[in-house]
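Student: Please build the complex by placing chain B on the supplied structure of chain A, with the hints as guidance.
Number of protein chains: 2
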Amino acid sequence: MSTTDIIGYDWPMGRWEPNARGRLVEAALELYSDRGYDQTTVAEIAKRAGLTERTFFRHFTDKREVLFSGAGELQQQLVHALDNAPDSLPSIEAISLALEAVAGGFSERHEFARRRQTIIAENAELAERERIKLGSLAFALAEALRRRGVSDPAATLAAEMGIAVFRVAFERWINETNEPDLSHILRVSFDQLKAVTAGK
Amino acid sequence: MSTTDIIGYDWPMGRWEPNARGRLVEAALELYSDRGYDQTTVAEIAKRAGLTERTFFRHFTDKREVLFSGAGELQQQLVHALDNAPDSLPSIEAISLALEAVAGGFSERHEFARRRQTIIAENAELAERERIKLGSLAFALAEALRRRGVSDPAATLAAEMGIAVFRVAFERWINETNEPDLSHILRVSFDQLKAVTAGK
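If you read the protein sequences in the order shown, they are chains A and B.
Mapped onto my numbering, the consecutive letters of the first sequence carry residue numbers 451 to 650.
Mapped onto my numbering, the consecutive letters of the second sequence carry residue numbers 451 to 650.
What the hints contain is simulated information worked out from the structure, not anything from laboratory work.
No experiment lies behind these values; they were computed from the predicted model shown.
Each hint should be verified, as a subset may be incorrect.
Remember, identical chains collapse to one label, so a pair may be satisfied in a single copy or spanning two.
Stated by the list, open to error - With a cut-off of at most 27 Å between alpha-carbon atoms, the simulated BS3-like pairs for lysine-lysine come out as follows:
(1) Lys497 x Lys513
(2) Lys644 x Lys583
(3) Lys497 x Lys644
(4) Lys513 x Lys644
(5) Lys513 x Lys650
(6) Lys650 x Lys497
(7) Lys583 x Lys513
(8) Lys497 x Lys583
Just chain A, with the same shape it has in the complex (with noise of 0.2 Å):
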């Protein structure tokens, strides 16, 4: 990587090219919304977006990279929110306090992740891989909740309900219009995780 890329900016053929990586996200959307996901190319990704593939890869390792690039950040956020939570909180409340503090970050990507969620839900291999990362992201919180000294199995169950109940909250706060508050809907989904648990 070079020192242009680690700041943001790009400098394909000696040209700067403004915001490249919001361009090729946008093509690639359009591109698998308009064709499918299997039919769509690099090089035509690139080509919508004006840019050469060479600015693609830099950006992307492939063409699937451009729906799952936010996973790894995702993570990290929730991991750094879950090993700042007060020592006192129990497992699952712990896990609810990180998810809604990432909940903020979603407001503004409405619209990216309505429109990533109908490509995904069109394509088996895409759906895989949505599952496998949500998979990572539930290891990655019963890891962080056996640092703050949670044994198994709780911490593995805390996390996997709290990736459960963060799926059915995804989804709602997707399929609702009018601003709706990703946050709002995570707490009304413990409560009914809770009401469920308990045989109501």
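Tutor: For chain B alone, coordinates are given in the frame of chain A:
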């Protein structure tokens, strides 16, 4: 599929091969353990079992299916048990009942399950496949709950919790020696889930 396949016999090249499937599974597990899953070919599995590749492909579509062929049957049994659970049961109790109903069938497969899990744990691709299969299982359980009149997100949450409990119980069962009782471990794990969710 020929008639002879349906009733469980093989007639490769005119000879009757007793328990070909069991021999193929045993040969595959040995090879996956000894030299690694990626390094093992179908030809080698068939050779070690004293059978032909043609016989292998009568039983399994590929070498991965040796480890995952039980997933479809497990799903059928779970959904069947859930469809037949008393209507009055809350969803989490119905899920618990269904899991216990299939638990007995595992008692004779402890050794196979233990060896299989070791192989899967050592291979990222297989671990992802396992996760995907469990995701499909959760999806099928949620579907069955919706048929019982449970609405979402309760159906999805109850199904995901059931699979999370099944996973942790199954892992504990695998690691125990001395005739462990999966039904009992499942009941204990459900109690742990309830405690975790209640913030204990």
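Student: Run every hint past the structure and note whether it holds.
Tutor: Hint check results:
1. Lys497 x Lys513: So lysine 497 and lysine 513 pass the 27 Å test inside one copy only (14 Å; across, 40 Å).
2. Lys644 x Lys583: both (25 Å within a copy, 26 Å between copies)
3. Lys497 x Lys644: Answer is neither: 50 Å inside a copy and 53 Å across each miss the 27 Å cutoff.
4. Lys513 x Lys644: neither (39 Å within a copy, 42 Å between copies)
5. Lys513 x Lys650: Close neither inside one copy (44 Å) nor across copies (44 Å); limit 27 Å.
6. Lys650 x Lys497: Answer is neither; intra-copy 54 Å and inter-copy 55 Å both fail.
7. Lys583 x Lys513: The answer is both: 16 Å in one copy and 25 Å across copies each meet 27 Å.
8. Lys497 x Lys583: Cα proximity of lysine 497 and lysine 583: none, with 29 Å in one copy and 38 Å across.
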